[in-house]
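*Asks:* Sequences and hints are given; from them, build the entire structure.
Each chain, written out:
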Amino acid sequence: MGTVLNIAPVSRIEGHAKIAIHLDDAGNVEDAFLHIQSLRGFEKFIEGRPAEEVPRIVNRICGICPWMHHLASNKAVDGCFGVTPTPTGHKLREMCQVLAHINDKILHFFFLAAPDFVLGPDADYSVRNVIGIVKAAPELATQVVKMRQLGQMMLERFAGKAIHPIAGVVGGFAKPLLEQERLDLLTDCRTLLDFACYTLDFAKANVFSKYLDVICSLGVITTGFLGTVDRVDGSMRLYDGKQRLMKADGTYVDFEGEDYGNYLGEHVEPWAYSKMPYAKSWNEGFDLNLDAPKGIYRANTLARINVCDKMSTPKAQAALEEFRATFGRPAQATLLYHYARLIELIYSCERTIELLEWEGITDTNVRAKVEPKAGRGVGIVEAPRGTLIHDYVTDANGCIESANLIVGTTHNIAPMNMSVKQAATMLIKDGKYDQGLLNRVEMAVRAYDP
Amino acid sequence: MGVTTALEWLSSCSGCEISILNIGEDLIPIITEALDIVHAPVLMDHKYFGQTGEGTVLTIPEATVGIVTGGVSNHEHLEVLEEMRRKCTVLIALGTCATHGGIPALMNGQNRKESWEGIYKTRGTDPGAQVPTIEVPAPLDRVYACDEKVKIDMHVPGCPPNPAHIAEAIISLLENRPAVLPTKSVCDTCPTRREGKGEVHMLKRFLTNAEFNPTEPISEMRCLLEQGYLCMGPVTAAGCAKRGAPSCISARVPCRGCFGPVRREGNQLLDMMNALASNGIDYNSVIDRRSLLRFSGAHGLLKPLIKKEVEEE
Numbered sequence: 172m173g174t175v176l177n178i179a180p181v182s183r184i185e186g187h188a189k190i191a192i193h194l195d196d197a198g199n200v201e202d203a204f205l206h207i208q209s210l211r212g213f214e215k216f217i218e219g220r221p222a223e224e225v226p227r228i229v230n231r232i233c234g235i236c237p238w239m240h241h242l243a244s245n246k247a248v249d250g251c252f253g254v255t256p257t258p259t260g261h262k263l264r265e266m267c268q269v270l271a272h273i274n275d276k277i278l279h280f281f282f283l284a285a286p287d288f289v290l291g292p293d294a295d296y297s298v299r300n301v302i303g304i305v306k307a308a309p310e311l312a313t314q315v316v317k318m319r320q321l322g323q324m325m326l327e328r329f330a331g332k333a334i335h336p337i338a339g340v341v342g343g344f345a346k347p348l349l350e351q352e353r354l355d356l357l358t359d360c361r362t363l364l365d366f367a368c369y370t371l372d373f374a375k376a377n378v379f380s381k382y383l384d385v386i387c388s389l390g391v392i393t394t395g396f397l398g399t400v401d402r403v404d405g406s407m408r409l410y411d412g413k414q415r416l417m418k419a420d421g422t423y424v425d426f427e428g429e430d431y432g433n434y435l436g437e438h439v440e441p442w443a444y445s446k447m448p449y450a451k452s453w454n455e456g457f458d459l460n461l462d463a464p465k466g467i468y469r470a471n472t473l474a475r476i477n478v479c480d481k482m483s484t485p486k487a488q489a490a491l492e493e494f495r496a497t498f499g500r501p502a503q504a505t506l507l508y509h510y511a512r513l514i515e516l517i518y519s520c521e522r523t524i525e526l527l528e529w530e531g532i533t534d535t536n537v538r539a540k541v542e543p544k545a546g547r548g549v550g551i552v553e554a555p556r557g558t559l560i561h562d563y564v565t566d567a568n569g570c571i572e573s574a575n576l577i578v579g580t581t582h583n584i585a586p587m588n589m590s591v592k593q594a595a596t597m598l599i600k601d602g603k604y605d606q607g608l609l610n611r612v613e614m615a616v617r618a619y620d621p
Numbered sequence: 317m318g319v320t321t322a323l324e325w326l327s328s329c330s331g332c333e334i335s336i337l338n339i340g341e342d343l344i345p346i347i348t349e350a351l352d353i354v355h356a357p358v359l360m361d362h363k364y365f366g367q368t369g370e371g372t373v374l375t376i377p378e379a380t381v382g383i384v385t386g387g388v389s390n391h392e393h394l395e396v397l398e399e400m401r402r403k404c405t406v407l408i409a410l411g412t413c414a415t416h417g418g419i420p421a422l423m424n425g426q427n428r429k430e431s432w433e434g435i436y437k438t439r440g441t442d443p444g445a446q447v448p449t450i451e452v453p454a455p456l457d458r459v460y461a462c463d464e465k466v467k468i469d470m471h472v473p474g475c476p477p478n479p480a481h482i483a484e485a486i487i488s489l490l491e492n493r494p495a496v497l498p499t500k501s502v503c504d505t506c507p508t509r510r511e512g513k514g515e516v517h518m519l520k521r522f523l524t525n526a527e528f529n530p531t532e533p534i535s536e537m538r539c540l541l542e543q544g545y546l547c548m549g550p551v552t553a554a555g556c557a558k559r560g561a562p563s564c565i566s567a568r569v570p571c572r573g574c575f576g577p578v579r580r581e582g583n584q585l586l587d588m589m590n591a592l593a594s595n596g597i598d599y600n601s602v603i604d605r606r607s608l609l610r611f612s613g614a615h616g617l618l619k620p621l622i623k624k625e626v627e628e629e
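So the protein lines, in turn, are chains A and B.
Each residue of the first sequence is one higher than the one before, starting from 172 at the first, in this note's numbering.
Each residue of the second sequence is one higher than the one before, starting from 317 at the first, in this note's numbering.
A portion of the hints provided could be inaccurate.
[To be verified] To be clear about the criterion: a stretch of chain A counts as covered by chain B if any three or more of its residues have a C-beta under 8 Å from a C-beta of chain B, and this derived list gives those stretches:
no.	stretch
1	227-236
2	303-312
[Claimed, not checked] Cross-link-like lysine-lysine pairs, in silico, DSSO-like; alpha carbons within 30 Å at most:
no.	chain 1	residue 1	chain 2	residue 2
3	A	Lys-413	B	Lys-437
4	A	Lys-465	B	Lys-437
5	B	Lys-465	B	Lys-619
6	B	Lys-520	A	Lys-540
Worth flagging that the hints you see were computed from the coordinates, not collected in a lab.
We put the CB at the ideal spot given by N, CA and C, even for glycine.
*Replies:* Printed below as a string of C-alpha cells:
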C-alpha cells in the first residue's frame with residue numbers, strides 16, 4: 172500500500188478542489204486526481220421561479236464571473252419568451268460582459284498566477300502570494316490594484332453592482348447609458364488598454380521567455396478545443412456567435428448554441444461533484460488516458476485563441492499573429508493559457524472601446540416588450556473560464572420548468588485531471604518530492620483558472 | 317508584524333472575496349502591515365494537511381481574527397468551520413451566505429436527496445450517472461448559516477458585502493472598539509420619491525423597466541413599490557448603498573433582499589407580507605412567495621414543501 176499526498180485545498184484558484192496523488196511502494200505516481208468538492212444545486216432550485224428573476228439568482232454561481240451567468244441567463248430567458256433585445260440593450264449587455272472580462276484577467280494573472288513566476292515556483296508558501304508581490308514589487312502591485320479597481324468601479328458606477336449584477340433584464344437592459352457616463356467610461360477604458368498592452372509586454376519579458384521550458388513541459392496534454400466565433404468572419408467572440416469545436420488535429424465543426432446537446436455530452440465520475448463535458452459528436456466515448464484521450468476538449472482562453480480565425484481588433488490581432496508564429500495552431504501547452512489570457516485582455520479593452528464608440532450606445536430604447544410564456548432558450552456567452560451554457564424550459568406562466576447548466580470551468584475538469592496526472596508523473600520520481608515540486612502540480616491547475 | 321488573520325470559504329461563490337479586494341488601494345496597507353494573513357485558500361498556499369500533503373488531520377494555524385464566507389452545506393465545511401472556531405479568537409461571518417444561508421439555502425426549500433439525484437439525471441447527462449460519493453464531502457441535511465453551528469462574534473451580511481463594512485469590521489477589531497455597521501432598512505436609506513399608499517393593489521413582475529427619467533437623479537424617481545413592483549427594501553438590512561442610493565435602486569431595479577432581514581433574526585417573508593398588507597397590496601399577487609426567503613433560507617426558515625402544500629402554492 173503506497174502513500175496518498177493530499178494537496179488540499181488547491182489554493183489561488185477560484186473554487187473548492189483538492190489534488191490526491193497516489194504513490195506506489197517505490198514512490199512513483201500510480202494515479203492522480205483533481206477532486207471537485209462542491210455542489211450547490213442551482214439547476215434544481217431555480218425550478219418554479221419566474222424566469223425573469225433567474226438572472227439575478229444564478230449570478231451567485233460565481234462571484235468572480237457573475238456577469239457571465241447573469242447575461243447567459245438573460246439570453247436564455249429571452250429565448251424562452253421569444254424576445255429579441257433592442258440593439259442598444261444587446262450592446263450594453265455586451266459592453267458590461269467584456270468589461271467584466273478585463274477585471275477577471277487582471278485578477279487572475281497578477282493576484283493568483285503571477286506569484287509562481289515573479290517569486291518563483293519554489294519560493295516558500297508564506298511569501299509565494301500577492302502579498303509577497305506587493306512587498307517585492309510595490310509599484311507594480313499598486314498599479315495592478317488600481318487598474319483592477321478601476322474596472323470594477325466602471326461597472327459599479329454604470330450598472331449599480333459589479334458583483335452579482337442586476338442591470339441586465341430579459342429583453343435588454345434596465346437603464347440607458349448617459350453621454351457623460353459614456354465619455355467617462357471611454358477615458359477609463361483607454362487607461363485600461365494601455366495597462367493591458369504593458370501587461371503583455373511585462374509577461375513576455377518576465378514570464379513567457381524566462382519560464383519557456385516549464386511552459387513547454389508542465390501539464391502538457393493533447394486535446395481538442397471549444398470556443399465561440401463570429402458567425403460571418405470566424406473572429407473570436409465573447410458575447411455572441413456560433414460555437415466551434417476543434418479536434419487536436421485542427422479540423423473543426425461549427426454549430427449554433429441551441430444544438431449543443433448534439434455535440435457535447437456530460438460524463439460523471441464518482442470522485443468529483445462536477446460533471447465532465449466531452450465531445451459526444453466525436454463518437455469515441457470518454458477517456459482520460461494521457462496517451463489516447465477520448466472525447467476530451469478544452470475551453471477558456473487558450474481554446475478561444477486556438478479556435479478563432481482571427482481577432483477583430485488590431486492590437487489583439489497583432490498579439491495573436493505573434494503567438495501563432497511562435498506556438499502554432501492549435502497550441503497545446505497548458506501554461507500558454509496565461510499568454511492567451513493576456514491577448515484576450517487586450518481584446519476586451521479594445522472591444523469595450525468599440526462598443527462605447529458605437530453611435531447607438533446611448534439610445535434610450537434599452538428594453539424590448541416582454542410577455543412571459545412557455546418556451547425553451549439556450550443562452551451562451553464565453554465566460555473567462557470557458558463556454559457558459561444556460562438552457563431553460565419555461566411553463567405557460569413563464570416560470571422555470573427545467574434547466575441544464577454547463578458552467579465554463581466544467582469543460583476543463585477532465586483536462587485538468589489529465590494535466591495533474593501528467594505533471595505529477597513527470598515530477599515525482601522514486602518518492603522524491605517537496606513543496607515546490609507539488610506547487611508545480613498546482614500550477615498546471617492554476618493555468619486553467621478554475 | 318500585523319494581527320494574525322485566517323480566511324476561509326465554505327459553500328460560497330468567491331463574491332465576498334472579490335468584495336474584500338474591492339476595498340481597493342486601502343487594502344494594500346491592511347494586508348501587508350495591519351494584518352498578517354496566515355491562511356487564505358484564495359490568496360495563499362497554506363495547506364490543511366501540511367505543505368507536502370502527508371498529514372491526516374485538517375489543521376488551520378492559530379489566528380487572532382478569522383473571517384468565514386459561505387454557509388455550511390457539507391461535512392467538510394463543518395470541519396473547516398469548527399477548526400476556524402477553535403483557532404481564531406474573533407470569528408467574523410462575512411456575507412449573507414454565512415449570516416443567513418444566502419442563495420445556496422434555496423436548496424432548503426427542496427428535498428435535497430431527490431434534487432441531487434435529479435441533477436445527475438438532467439437531459440444532457442450521460443444515462444446511468446449517480447451522485448458522486450468517492451473522496452467528495454458528504455452533504456449535511458440542509459444548508460446552515462455559520463451561527464447555527466459555532467459561535468460567531470460579528471456578522472457582516474451582504475451579497476456581496478460592502479467593502480467599507482469589511483474594512484470597518486477589521487479596523488474596529490484592530491482599534492479594539494465596536495464596529496459601526498448599518499442598523500436601518502434599505503427603504504430608510506433610499507432616496508426615491510414616495511407619494512403615499514393606496515394606488516397599488518396588485519404587484520407586477522419586473523417585465524417592464526421602471527418609470528424614470530435617466531437624466532434625473534434617483535431622488536426624482538418614484539418608489540418602485542409605489543410603481544407596483546415587488547421591492548424588498550422595507551424588510552432588508554441597509555448597507556448596499558455606495559453612491560447615495562441602494563445599489564439595485566441606482567440601477568433602477570427593485571431590491572430582492574440580499575443583505576438579509578433588518579433585524580438579524582427577522583423573517584423576510586413574513587415581514588414583507590406584513591409590509592404589503594399594511595400598504596393595501598394583495599400578497600396573493602406575489603408570484604413565488606417562498607423566494608422572498610431567497611437570501612435567508614437558513615435557520616430553518618425555508619423547508620421542503622409537503623405534497624399538499626404544493627397544490628396550494
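*Asks:* Can you list which hints this structure breaks, lowest number first?
*Replies:* The structure conflicts with no hint, since it agrees with every one listed earlier.
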